[in-house]
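Going line by line, the protein sequences match chains A and B. Under the working numbering, the first residue of the first sequence carries the number 59, and numbering increases by one thereafter. Under the working numbering, the first residue of the second sequence carries the number 59, and numbering increases by one thereafter.
These are computed hints drawn from the structure, not numbers from a lab. One should not assume that every hint holds.
Identical chains share a label here; the pair holds if one copy fits it or two copies do between them.
Under the rule of at most 30 Å between Cα atoms (straight-line distance), these lysine-lysine pairs were calculated in the BS3-like manner [unchecked claim]: (1) Lys78 to Lys112; (2) Lys78 to Lys61; (3) Lys110 to Lys78; (4) Lys61 to Lys112; (5) Lys99 to Lys112.
Number of protein chains: 2
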Amino acid sequence: MIKARVTVTLKNGVLDPQGKAIEGALGALGFDGVSGVRQGKVFDLELEGTDKAKAEAEVKAMCEQLLANTVIENYSVTIS
Amino acid sequence: MIKARVTVTLKNGVLDPQGKAIEGALGALGFDGVSGVRQGKVFDLELEGTDKAKAEAEVKAMCEQLLANTVIENYSVTIS
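The shape of chain A in the complex, shown without the other chains (with noise of 0.2 Å):
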């Protein structure tokens, strides 16, 4: 079984009121030069087989296809 962990993150360029509602909250409870906030989302998946190689690829087929919004999204895979 392969452990998998996909990271997808806005692209820069791409606004996040998410993040800077974070920032705001954050500045509000006294947490002071905190700048750039962005919010992303983590996935981790168990994959059948031994082939990392082939688990890589076949994760990164479900990022195109599914868990990441490639128009303004970045992903990157992590297998262990």
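Knowing the structure of chain A, use the given hints to seat chain B on it.
Showing chain B alone in chain A's frame:
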């Protein structure tokens, strides 16, 4: 400026219907052998200063107070 990444994941044993839905959708797209899908959140922050130890402690405090619900979620902090 210090960049920090916070990864928030559901604790083991906490139900993740969103993950289950993604698992079903991947199966429907023809990706077989995928199990244990769990969705989490990732936050990228930028902090003023250069003291990495202080930054890590501050980000952990942010997690405890705002970014993670420590009843049902784990968090990990990476400083770069």
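Evaluation of the provided hints:
| no. | hint | verdict |
| --- | --- | --- |
| 1 | Lys78 to Lys112 | between (38 Å within a copy, 23 Å between copies) |
| 2 | Lys78 to Lys61 | between (32 Å within a copy, 16 Å between copies) |
| 3 | Lys110 to Lys78 | between (37 Å within a copy, 23 Å between copies) |
| 4 | Lys61 to Lys112 | within (13 Å within a copy, 32 Å between copies) |
| 5 | Lys99 to Lys112 | both (23 Å within a copy, 26 Å between copies) |
In summary, the structure agrees with every hint in the numbered list given earlier.
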